[in-house]
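Build the full structure now, drawing on both the sequences and the hints.
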Amino acid sequence: MNELWNENIKIQLQRLVPLISTILFVLIFNIPLYPFVSSSIRPCVSIICVYFWLIYRPYLVNATGVYLIGILEDIISSAPFGSNIVTMLLVYVFTNLISKFVANKPFLAVWYGFAFVAFVTLIIKWLVISIYYSQFLSLSTLLFSLLTTIAFYPIFSIINVYLYEYFMQDEE
Amino acid sequence: MRAKRKKVLFLKLSKIRLLTKKFAIFLLFLSAFAFMLISKTDTIVIEETSSFAMNIVSPLVDTLAIPAKVTVSTYNYIVGLKKTYGENVELKEENKRLLEAQNNLRSLEIENKLLSELLNYIPPPDALSTTVRIVATENDAFSSSVIAYTGGNQNIKKGHIAVNHKGVVGRVDNIGNMYSKIILITDINSKIPVIIERNRVRGILFGNNTNINKLMFTPISADIVVGDRIITSGVAGVFPPGLPVGVVISVDKNDIKVKPFANIQGVEYVRIIGYTDKNTEIE
Chain A
1 MNELWNENIK
11 IQLQRLVPLI
21 STILFVLIFN
31 IPLYPFVSSS
41 IRPCVSIICV
51 YFWLIYRPYL
61 VNATGVYLIG
71 ILEDIISSAP
81 FGSNIVTMLL
91 VYVFTNLISK
101 FVANKPFLAV
111 WYGFAFVAFV
121 TLIIKWLVIS
131 IYYSQFLSLS
141 TLLFSLLTTI
151 AFYPIFSIIN
161 VYLYEYFMQD
171 EE
Chain P
1 MRAKRKKVLF
11 LKLSKIRLLT
21 KKFAIFLLFL
31 SAFAFMLISK
41 TDTIVIEETS
51 SFAMNIVSPL
61 VDTLAIPAKV
71 TVSTYNYIVG
81 LKKTYGENVE
91 LKEENKRLLE
101 AQNNLRSLEI
111 ENKLLSELLN
121 YIPPPDALST
131 TVRIVATEND
141 AFSSSVIAYT
151 GGNQNIKKGH
161 IAVNHKGVVG
171 RVDNIGNMYS
181 KIILITDINS
191 KIPVIIERNR
201 VRGILFGNNT
211 NINKLMFTPI
221 SADIVVGDRI
231 ITSGVAGVFP
241 PGLPVGVVIS
251 VDKNDIKVKP
261 FANIQGVEYV
271 RIIGYTDKNT
281 EIE
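Read top to bottom, the protein sequences are chains A and P.
So in this note's numbering, the last spot in the first sequence is 172, and the numbers never skip.
So in this note's numbering, the last spot in the second sequence is 283, and the numbers never skip.
Because the hints were derived from the structure by calculation, they are not lab data.
If you want the footprint, here are the derived chain A segments under chain P, 3+ residues with CB under 8 Å:
| no. | stretch |
| --- | --- |
| 1 | 20-32 |
| 2 | 68-76 |
| 3 | 80-86 |
| 4 | 133-146 |
Straight-line C-alpha distance at most 30 Å; calculated DSSO-like pairs for lysine-lysine:
| no. | chain 1 | residue 1 | chain 2 | residue 2 |
| --- | --- | --- | --- | --- |
| 5 | P | Lys21 | A | Lys10 |
| 6 | P | Lys191 | P | Lys166 |
| 7 | P | Lys214 | P | Lys191 |
| 8 | A | Lys100 | P | Lys21 |
| 9 | P | Lys214 | P | Lys259 |
| 10 | A | Lys100 | P | Lys22 |
Glycine included, every Cβ here is placed at the ideal spot set by N, Cα and C.
In structure tokens, the structure reads:
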């Protein structure tokens with residue numbers, strides 16, 4: 001009975017690894033790391049992680065979890081409250097839409113898929129916030145943020161694969 | 001009969017559950033847009049919820065930052081050791097110059113006091129300052145802010161200005177029990193009344209989520225040139241006057257760009273300045 005209980009807790013905790021690791025990455029990427037890393041060249045780590053887990057382990061990521069990550073980003077950020085929730089929900093919707101085209105495909109295809117999702121999501125976020133402020137935000141900063149996010153995808157994929165192998169190998 | 005009723009109720013409930021599941025994403029989107037609408041109307045609800053949540057999230061970032069802080073301080077120590085000798089020589093020279101300047105300042109201060117008394121001049125209220133540490137930064141295309149550990153300091157109020165040794169960094173936007181959010185001067189929400197030091201031309205400095213600010217609402221005929229220093233004007237009694245903000249880097253028709261003096265990227269500690277006069281505090 002006790003073993004069964006422990007086993008159940010272990011399974012539940014393993015299922016939380018994607019959410020907890022994404023939250024940790026979001027928090028870590030808000031730590032002031034100057035002079036090593038300038039705060040303007042940081043990728044949108046939440047988009048990377050949510051996309052990764054939705055492609056490789058979709059049953060571990062649900063809309064509520066994604067919503068929570070959005071709230072966390074809204075708390076830290078000075079962007080309009082709710083804008084990061086919209087962004088994360090957009091990632092959730094678009095990734096689910098394209099997952100059948102990129103799942104079980106070579107890494108390059110998954111990366112292209114990510115570039116598409118990140119592009120569409122950030123453009124919509126840019127539009128929503130521009131409408132909110134009634135003025136267009138800088139496109140060059142957006143482009144820079146987008147390129148950084150796409151460039152960082154392989155690095156976070158490796159980290160997430162490592163997390164999966166370390167914590168969740170016996171999950172299935 | 002009772003069993004039948006229960007069955008009908010169960011069926012109804014499961015239908016509602018199915019519908020909710022079907023429209024969950026739609027509802028979540030709707031709630032997110034509702035949050036945005038509420039925050040647009042500047043209601044206290046979002047602000048208070050946000051500061052409550054900030055007090056929970058910020059200690060987590062602060063704890064996670066410990067290894068990063070150790071690495072950064074070790075790096076700075078090693079780099080600092082290398083520079084120390086050269087800096088020491090430069091500092092001795094600077095010290096001599098500063099002593100001379102201090103003597104001049106003293107005489108100017110006395111002169112200023114005498115002239116002020118002569119003119120019956122009423123000086124601005126005294127400013128209170130508190131130094132705080134930055135624990136989290138957010139700087140991208142959509143926002144530009146930092147979270148500072150204020151440790152429940154009662155002197156810090158919404159609207160107070162944040163400066164570092166180079167100039168104005170931002171203003172306090174959200175006060176929590178232990179942590180406060182500071183909107184940087186590069187944020188799109190930042191609007192600071194400023195003047196040009198050389199000719200006292202007034203204007204408003206706007207942030208736009210880039211590293212460069214825009215100076216607006218200056219007179220069309222104003223004489224503004226590249227290299228002009230921008231300082232706070234103290235208009236409306238919100239910010240103390242005379243704090244350095246930035247330097248003009250380009251002047252086009254209706255487009256004056258200003259580069260902030262303070263290194264917004266690398267801000268580690270800031271001084272929060274606010275007037276002691278209760279009438280001038282922003283609530």
